[in-house]
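Same order as they appear, the protein sequences are chains R and L. Residues in the first sequence are numbered from 45 upward in steps of one, following the working numbering. Residues in the second sequence are numbered from 45 upward in steps of one, following the working numbering.
The set of hints was computed from the structure by calculation and includes no laboratory data. Don't take every hint at face value.
Any copy, or any two copies together, can satisfy a pair, since identical chains are not distinguished.
Claimed, not checked - Straight-line C-alpha distance at most 30 angstroms; calculated BS3-like pairs for lysine-lysine:
{"#": "1", "residue 1": "K366", "residue 2": "K265"}
{"#": "2", "residue 1": "K163", "residue 2": "K290"}
{"#": "3", "residue 1": "K323", "residue 2": "K69"}
{"#": "4", "residue 1": "K220", "residue 2": "K366"}
{"#": "5", "residue 1": "K234", "residue 2": "K126"}
{"#": "6", "residue 1": "K265", "residue 2": "K297"}
{"#": "7", "residue 1": "K163", "residue 2": "K234"}
{"#": "8", "residue 1": "K126", "residue 2": "K297"}
{"#": "9", "residue 1": "K234", "residue 2": "K318"}
{"#": "10", "residue 1": "K163", "residue 2": "K244"}
{"#": "11", "residue 1": "K69", "residue 2": "K290"}
{"#": "12", "residue 1": "K265", "residue 2": "K126"}
{"#": "13", "residue 1": "K234", "residue 2": "K98"}
{"#": "14", "residue 1": "K138", "residue 2": "K244"}
{"#": "15", "residue 1": "K290", "residue 2": "K240"}
{"#": "16", "residue 1": "K366", "residue 2": "K234"}
{"#": "17", "residue 1": "K220", "residue 2": "K323"}
{"#": "18", "residue 1": "K290", "residue 2": "K220"}
{"#": "19", "residue 1": "K138", "residue 2": "K234"}
Keep in mind the model is a prediction, meaning the values are calculated, not measured.
Protein chains: 2
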Amino acid sequence: MTPRIALDAMSGDHGPSVIVHAAIKILSEVDDLQLILVGDEAVLKSLLGHRSTKVMQRLSIHHAGQQVEMNESPSRALRNKKDSSMRVAINLVKQGLADACVSAGNTGALMATARYVLKTLPGIARPAIISALPNMQGTCTHVLDLGANVDTTPVHLFQFAVMGTVLAQAVDNLPKPRIGLLNIGQEEIKGNEDVKEAAKLLSHNPSIHYTGFVEGDDIFKGTVDVVVCDGFVGNVSLKTTEGVAKMISHYVKQSFNQNLWTRFAALISLPIIKNLRQKIDPRRYNGASLLGLRGIVIKSHGSADVLSFTYAIKEAIIEVQKNVPEQISHILATLLNGKGRVK
Amino acid sequence: MTPRIALDAMSGDHGPSVIVHAAIKILSEVDDLQLILVGDEAVLKSLLGHRSTKVMQRLSIHHAGQQVEMNESPSRALRNKKDSSMRVAINLVKQGLADACVSAGNTGALMATARYVLKTLPGIARPAIISALPNMQGTCTHVLDLGANVDTTPVHLFQFAVMGTVLAQAVDNLPKPRIGLLNIGQEEIKGNEDVKEAAKLLSHNPSIHYTGFVEGDDIFKGTVDVVVCDGFVGNVSLKTTEGVAKMISHYVKQSFNQNLWTRFAALISLPIIKNLRQKIDPRRYNGASLLGLRGIVIKSHGSADVLSFTYAIKEAIIEVQKNVPEQISHILATLLNGKGRVK
Chain R
45 MTPRIALDAM SGDHGPSVIV HAAIKILSEV DDLQLILVGD EAVLKSLLGH
95 RSTKVMQRLS IHHAGQQVEM NESPSRALRN KKDSSMRVAI NLVKQGLADA
145 CVSAGNTGAL MATARYVLKT LPGIARPAII SALPNMQGTC THVLDLGANV
195 DTTPVHLFQF AVMGTVLAQA VDNLPKPRIG LLNIGQEEIK GNEDVKEAAK
245 LLSHNPSIHY TGFVEGDDIF KGTVDVVVCD GFVGNVSLKT TEGVAKMISH
295 YVKQSFNQNL WTRFAALISL PIIKNLRQKI DPRRYNGASL LGLRGIVIKS
345 HGSADVLSFT YAIKEAIIEV QKNVPEQISH ILATLLNGKG RVK
Chain L
45 MTPRIALDAM SGDHGPSVIV HAAIKILSEV DDLQLILVGD EAVLKSLLGH
95 RSTKVMQRLS IHHAGQQVEM NESPSRALRN KKDSSMRVAI NLVKQGLADA
145 CVSAGNTGAL MATARYVLKT LPGIARPAII SALPNMQGTC THVLDLGANV
195 DTTPVHLFQF AVMGTVLAQA VDNLPKPRIG LLNIGQEEIK GNEDVKEAAK
245 LLSHNPSIHY TGFVEGDDIF KGTVDVVVCD GFVGNVSLKT TEGVAKMISH
295 YVKQSFNQNL WTRFAALISL PIIKNLRQKI DPRRYNGASL LGLRGIVIKS
345 HGSADVLSFT YAIKEAIIEV QKNVPEQISH ILATLLNGKG RVK
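Sequences are here, hints too, so could you generate the full structure?
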């Protein structure tokens with residue numbers, strides 16, 4: 045079955061041009077794919093121009109008259125933007141006309157709309173946001189929740205572990221992904237009551253390969269495949285990561301740009317810097333999933349460029365191929381039927 | 045008044061040798077300073093050897109027969125290690141024989157012992173750990189709490205803001221340090237109930253220059269001078285920072301070490317890398333303060349080397365000179381007497 049993916053074409057900081065070009069780029073790379081650009085038909089048509097290449101046969105436009113602003117409140121978007129490109133793209137998933145949707149829009153509005161339209165999977169109290177970060181092993185570490193939930197309970201954290209397990213199995217082909225619970229120390233006595241209680245729920249559960257507490261630096265050491273945490277903590281950790289990386293990059297540029305000699309050194313080092321950037325290029329890790337919904341919704345970074353947005357589409361393709369929501373349902377049903385351990 | 049600082053000489057991953065050499069180094073750099081090495085007299089004497097330089101007149105040894113292990117539980121250390129170098133160093137502060145103490149030992153044990161021996165300042169419910177991190181402005185951002193407290197209340201966060209204000213005034217000579225509350229968005233509706241409530245306490249308070257919510261990346265942008273957060277969140281953010289920095293450094297080394305050409309480029313770039321390292325060298329930011337106690341206690345990173353440990357001693361010197369605990373008491377008393385706003 046060819047994956048059909050709806051793109052919220054009016055989303056993102058750089059407007060529809062990035063998304064249209066990302067769509068064309070990925071269609072030329074991936075044969076077995078259909079894309080639907082959702083947004084202002086006139087704008088999208090003019091951006092596509094008179095291209096009549098073969099890939100265009102797998103690209104269609106679905107009109108939507110409104111768009112959600114980057115700073116619009118989720119409740120306002122839900123109430124007033126029923127014809128927004130975001131809402132219509134999610135509707136296409138609900139109606140079975142698309143297998144997934146990808147948006148670079150406002151995270152809060154995307155989560156609220158997706159939750160309202162698609163609903164959560166049976167047994168999931170709260171959807172979560174998961175994304176991959178690079179680690180020293182040369183693989184990646186999936187982290188959830190990255191900000192959809194604050195004040196999570198131990199049961200929510202347990203459900204995040206189930207969802208993270210399924211995602212890492214699907215995306216990285218890991219039979220038994222190692223799950224760590226984010227804490228401020230590795231000893232059992234450390235942390236707040238919620239993580240201690242969640243640790244009890246996760247221990248000895250046959251469906252989850254729980255390996256214990258991990259700390260913030262373990263995300264980048266690659267100690268585990270999935271790091272589970274409350275959305276407040278996860279979001280701070282993610283933003284901290286972005287902040288540190290940007291600061292280091294700022295000082296690297298500054299240092300190589302001081303005088304003629306340092307600029308010469310920069311020239312010599314260019315291939316190395318390029319190689320390095322490829323390893324930890326944040327664009328390669330673009331595409332966070334809204335997990336726990338009855339449908340696949342991928343959130344791209346708002347500032348995504350063309351290359352970056354194609355990675356978000358690739359994430360959607362994998363999740364369609366592996367049918368992630370159904371897998372999550374399946375494991376949860378097993379657990380709820382008492383074959384696992386959690387009540 | 046010459047600052048007299050007690051050093052927990054048996055602490056740290058590398059043992060007393062690092063601390064003894066750091067003591068000698070800083071005494072040769074700072075004239076107006078007395079140091080007391082606390083620990084096993086025989087060991088310390090043999091490390092000092094037969095030095096008879098002038099600086100040695102400002103260095104003394106205070107014997108302590110035990111030491112706290114890096115993985116020892118705080119309660120065990122408190123109960124069983126009454127003659128540890130850590131405990132004795134803190135006792136010296138309590139007895140007025142030292143103005144501050146510096147330890148590279150186990151954070152939990154250090155906090156528990158310092159709290160037990162010195163007690164908290166009037167009006168402070170919980171001491172907090174504060175440290176400085178580099179930012180893009182070329183200054184530093186102070187962050188607290190870094191892990192002394194989990195499950196903090198809005199009132200605790202308010203008290204952290206007071207302590208952070210005093211520390212930034214003392215260390216950076218800032219008349220009105222900008223205080224930000226760490227959250228997962230800058231809008232008022234974002235975050236959990238605790239940060240929303242803390243924001244109310246902080247707003248319009250004449251003693252605190254509160255500027256609003258900040259996010260994880262603001263630490264490194266230098267948006268504010270002090271970032272206030274719960275200890276769980278702060279610790280995860282700090283460890284995340286360390287993790288990202290180590291991963292980038294790992295990949296930089298790997299990239300420059302691939303072949304003859306990249307090694308040549310590394311050689312050319314050496315002065316630049318050195319300059320860069322100096323700007324964001326974590327050793328320069330060593331020395332976290334345990335704030336809110338009736339005495340000055342500085343925690344050095346366990347893995348500190350000689351240079352790094354001298355920075356922790358420098359932090360102690362500044363806090364002694366500026367009398368940080370008394371300043372915190374003073375501001376809190378003003379607030380408690382109703383001249384400020386908080387109940």
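Hints versus structure:
For the homomeric pair K366 and K265, the shortest alpha-carbon distance inside one copy (27 angstroms) is at most 30 angstroms, but the shortest distance between copies (40 angstroms) is not. Taking the closest pair of Cα atoms, K163 and K290 never come within 30 angstroms of each other, the shortest separation being 36 angstroms inside a single copy and 41 angstroms across copies. In this assembly of identical chains, K323 and K69 lie within 30 angstroms of each other by CA distance solely inside one copy; the values are 21 angstroms within and 40 angstroms between copies. For the identical chains of this complex, K220 and K366 are intra-copy neighbours only, at 16 angstroms inside a copy versus 55 angstroms across copies, given an alpha-carbon limit of 30 angstroms.
For the homomeric pair K234 and K126, the shortest alpha-carbon distance between copies (23 angstroms) is at most 30 angstroms, but the shortest distance inside one copy (46 angstroms) is not. For the identical chains of this complex, K265 and K297 are neighbours both inside a copy (26 angstroms) and across copies (16 angstroms), given an alpha-carbon limit of 30 angstroms. Taking identical chains as interchangeable, the C-alpha atoms of K163 and K234 lie at most 30 angstroms apart only when they sit on different chains, with a minimum of 22 angstroms there against 36 angstroms within one chain. Taking CA atoms no more than 30 angstroms apart as the test, K126 paired with K297 passes in neither setting, with 45 angstroms inside one copy and 51 angstroms between copies.
Taking identical chains as interchangeable, the C-alpha atoms of K234 and K318 are never at most 30 angstroms apart, the minima being 41 angstroms within one chain and 38 angstroms between chains. With identical chains, the CA atoms of K163 and K244 are at most 30 angstroms apart within one copy only, with a shortest distance of 29 angstroms there and 34 angstroms across copies. Taking the closest pair of Cα atoms, K69 and K290 come within 30 angstroms of each other only inside a single copy of the chain (27 angstroms); across copies the shortest separation is 34 angstroms, beyond that limit. Proximity of K265 to K126 under the C-alpha cut-off of 30 angstroms is found in neither arrangement, the shortest distances being 44 angstroms within a copy and 37 angstroms between copies.
For the homomeric pair K234 and K98, neither the shortest alpha-carbon distance inside one copy (59 angstroms) nor that between copies (46 angstroms) is at most 30 angstroms. With identical chains, the CA atoms of K138 and K244 are never at most 30 angstroms apart, being 36 angstroms at best within one copy and 41 angstroms at best between copies. Taking CA atoms no more than 30 angstroms apart as the test, K290 paired with K240 passes between copies only; the shortest distance there is 28 angstroms, against 34 angstroms inside one copy. Within a single copy, K366 and K234 get their C-alpha atoms no closer than 37 angstroms, and across copies no closer than 34 angstroms, so neither meets the 30 angstroms cut-off.
In the homo-oligomer, the alpha carbons of K220 and K323 lie at most 30 angstroms apart inside one protomer (25 angstroms), although the nearest pairing across protomers, at 42 angstroms, exceeds that limit. Taking the shortest alpha-carbon separations for K290 and K220, only the inter-copy value of 27 angstroms comes in at or below 30 angstroms, while the best intra-copy value is 34 angstroms. For the identical chains of this complex, K138 and K234 are inter-copy neighbours only, at 28 angstroms across copies versus 43 angstroms inside a copy, given an alpha-carbon limit of 30 angstroms.
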